[in-house]
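These protein sequence lines map, in sequence, to chains A and B.
Read in order, the letters of the first sequence correspond to residues 0 to 295 in numbering that gives the first Met the number 0.
Read in order, the letters of the second sequence correspond to residues 0 to 295 in numbering that gives the first Met the number 0.
It is worth saying that the hints were derived from the structure and are not from the lab.
Some hints could be false.
Unchecked claim - From chain A, some residues computed to sit far from chain B (all C-beta separations above 10 angstroms):
1) R2
2) S11
3) R94
4) P151
5) G200
6) K208
7) D225
8) W230
9) P284
10) A288
Claimed, not checked - Residues from chain A that keep clear of chain B, each with C-beta distances beyond 10 angstroms, as calculated:
11) L6
12) E8
13) R54
14) D88
15) P89
16) A182
17) R186
18) L192
19) A193
20) D201
21) I206
22) G214
23) A222
24) A223
Said to hold, decoys possible - Some, not all, of what chain B presents toward chain A, calculated at C-beta under 7 angstroms:
25) A10
26) P12
27) R15
28) S18
29) A19
30) L237
31) R241
32) L242
33) E248
34) I252
35) A253
36) V254
37) L273
38) D283
39) P284
40) L292
In this text, a Cβ means the ideal position worked out from N, Cα and C, and glycines have one as well.
Protein chains: 2
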Amino acid sequence: MARLISLVEDASPLLREVSAGLVEHAGHAQIVGITGAPGVGKSTSTSAVVKGLRRAGRRVGVLAVDPSSPFSGGALLGDRVRMQEHAMDPGVYIRSMATRGHLGGLAWSSPQAIRVLDAAGCDVVLVETVGVGQSEVDVAGLADTTLVLLAPGMGDGIQVAKAGILEVGDVYVINKADRDGAAHVARDLRAMLALATHKDGDWRPPIVKTVASKGDGIDDVVAAIDQHREWMAGSGELRRRRLRRARDEIEAIAVTALRDRFGSLSGHADLDSLAGAVVGGGTDPYRAADTLLDTL
Amino acid sequence: MARLISLVEDASPLLREVSAGLVEHAGHAQIVGITGAPGVGKSTSTSAVVKGLRRAGRRVGVLAVDPSSPFSGGALLGDRVRMQEHAMDPGVYIRSMATRGHLGGLAWSSPQAIRVLDAAGCDVVLVETVGVGQSEVDVAGLADTTLVLLAPGMGDGIQVAKAGILEVGDVYVINKADRDGAAHVARDLRAMLALATHKDGDWRPPIVKTVASKGDGIDDVVAAIDQHREWMAGSGELRRRRLRRARDEIEAIAVTALRDRFGSLSGHADLDSLAGAVVGGGTDPYRAADTLLDTL
Chain A
0 MARLISLVED ASPLLREVSA GLVEHAGHAQ IVGITGAPGV GKSTSTSAVV
50 KGLRRAGRRV GVLAVDPSSP FSGGALLGDR VRMQEHAMDP GVYIRSMATR
100 GHLGGLAWSS PQAIRVLDAA GCDVVLVETV GVGQSEVDVA GLADTTLVLL
150 APGMGDGIQV AKAGILEVGD VYVINKADRD GAAHVARDLR AMLALATHKD
200 GDWRPPIVKT VASKGDGIDD VVAAIDQHRE WMAGSGELRR RRLRRARDEI
250 EAIAVTALRD RFGSLSGHAD LDSLAGAVVG GGTDPYRAAD TLLDTL
Chain B
0 MARLISLVED ASPLLREVSA GLVEHAGHAQ IVGITGAPGV GKSTSTSAVV
50 KGLRRAGRRV GVLAVDPSSP FSGGALLGDR VRMQEHAMDP GVYIRSMATR
100 GHLGGLAWSS PQAIRVLDAA GCDVVLVETV GVGQSEVDVA GLADTTLVLL
150 APGMGDGIQV AKAGILEVGD VYVINKADRD GAAHVARDLR AMLALATHKD
200 GDWRPPIVKT VASKGDGIDD VVAAIDQHRE WMAGSGELRR RRLRRARDEI
250 EAIAVTALRD RFGSLSGHAD LDSLAGAVVG GGTDPYRAAD TLLDTL
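Same shape as in the complex, but just chain A (with noise of 0.2 angstroms):
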């Protein structure tokens, strides 16, 4: 698994040849994927969420995802050290894995290296991703379920609202439950999700409250996540997400290939060229993109 998920992060020509071993294995694991803001204790709440799923029995991948650090490429220590307890779990394997600062590198990488625990036997496959914004879109493209996180005194009602979680979440964490102002948040989120256009039907995202650090509510949430898959496998909507990822996966594929080719006409003189006509003012980047698709 190691291995395979290396030549993902490294995008290696070798993944052509293994993809459709894996397309084959894969398609029974449930892609769940974690978002919130920094701080709301995404890291702790995974581990806790991975304790709950393992006493549930289940096999569990994770599947760490960091797109805000495109330079430094890769993870900081402090996941792997609050994912160190599991380490001596032969039903857990968690990764940390880099996107290497191309835009669209989460689109095009993390569905591969989902598919690679997906296909080793996972029966789910946590991503947790950083932060919110962008990102946070992506993740809840790639999963069949998502949660997102929240926790108190991180910032006012419309700060949640702007950072876009009203969209995406199919089940809601409060975390620190413990802490002054949960109530609030859990009242605030209940109010805007009813204003919320349900992007699925008759789902109705539940609100979990969860104290991640003592493992309080973590069963809720594997119940939560639970019903989720029964009724996006009743519901049809399973298919539909995933039928929505592969199309998503298959562009990224080929614009990716595309790009390389850009990349690639005369030793990249091509695009710098016409980026210097387009700075210079002597041509514009529609022209400039045209004359890039017309030499491919």
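Starting from the known structure of chain A, fit chain B onto it as the hints suggest.
Same frame as chain A, now just chain B:
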């Protein structure tokens, strides 16, 4: 300006017509990106910096880009309320822009919207983006000068490091500097910046403390923005960044055009049936992408 930016938002085919004219008049403005996690006071800071720039006699454009709400397709009222104090100033133009949810939407539309403000004669274009993660890297890619905002009480040191901010800031602003913990944040940041690899030769990102709600420290922010522009012009970095931006923009336009062609292949049928084959295990995404590219 409003109509031109609407063309960008709507991805209108007319953009192609006006693009050459815009390029001709653009290139004068300093593009300043403002980013930071929810809760640091980004909108308040942006508004205060607008005031500071106006005191210095600059014409200012503000583009509030909201990549985190691709589903709702619009920015929230809060920003507009905060910006209202500039409503009667003819030297300030403020516009919110949504990115309509397509991956790379920010990459595609923001440079064009920025160019509208630039060509219209703004001396400084402030680009405010929500959140951390991928979006932050994007704003760094869009801007000549990137301001990263922090505030006390937003999580521990590892989370600051996680957010990927150490690589993108040209100027660091610690807002809410009158609160407990501001000195601590400054110390942590200084220590981490000392460890980080500097992306640009001899520029050492300054750390400026502000209380944006009172206007404290804002003139120092404006001075830091000016210094960075001077350094960039002298060192050649300005041209390097603009060339890189033009490359990215040309590529984004070309990729968008290709995506449109993917989508229009026999009324989406091809991509859908390829996705169905991948979900069913009949093919793998690489072979599906090959088929897609061959069909083009």
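Structure-based check of all given hints:
no., hint, in the structure
1, R2, "18 angstroms, holds"
2, S11, "12 angstroms, holds"
3, R94, "17 angstroms, holds"
4, P151, "12 angstroms, holds"
5, G200, "16 angstroms, holds"
6, K208, "20 angstroms, holds"
7, D225, "22 angstroms, holds"
8, W230, "19 angstroms, holds"
9, P284, "5 angstroms, violated"
10, A288, "4 angstroms, violated"
11, L6, "12 angstroms, holds"
12, E8, "17 angstroms, holds"
13, R54, "28 angstroms, holds"
14, D88, "24 angstroms, holds"
15, P89, "27 angstroms, holds"
16, A182, "20 angstroms, holds"
17, R186, "19 angstroms, holds"
18, L192, "13 angstroms, holds"
19, A193, "15 angstroms, holds"
20, D201, "19 angstroms, holds"
21, I206, "19 angstroms, holds"
22, G214, "21 angstroms, holds"
23, A222, "27 angstroms, holds"
24, A223, "22 angstroms, holds"
25, A10, "12 angstroms, violated"
26, P12, "10 angstroms, violated"
27, R15, "5 angstroms, holds"
28, S18, "4 angstroms, holds"
29, A19, "4 angstroms, holds"
30, L237, "10 angstroms, violated"
31, R241, "5 angstroms, holds"
32, L242, "5 angstroms, holds"
33, E248, "5 angstroms, holds"
34, I252, "4 angstroms, holds"
35, A253, "4 angstroms, holds"
36, V254, "6 angstroms, holds"
37, L273, "6 angstroms, holds"
38, D283, "4 angstroms, holds"
39, P284, "5 angstroms, holds"
40, L292, "5 angstroms, holds"
Hint violations for this structure: numbers 9, 10, 25, 26 and 30, all remaining hints satisfied.
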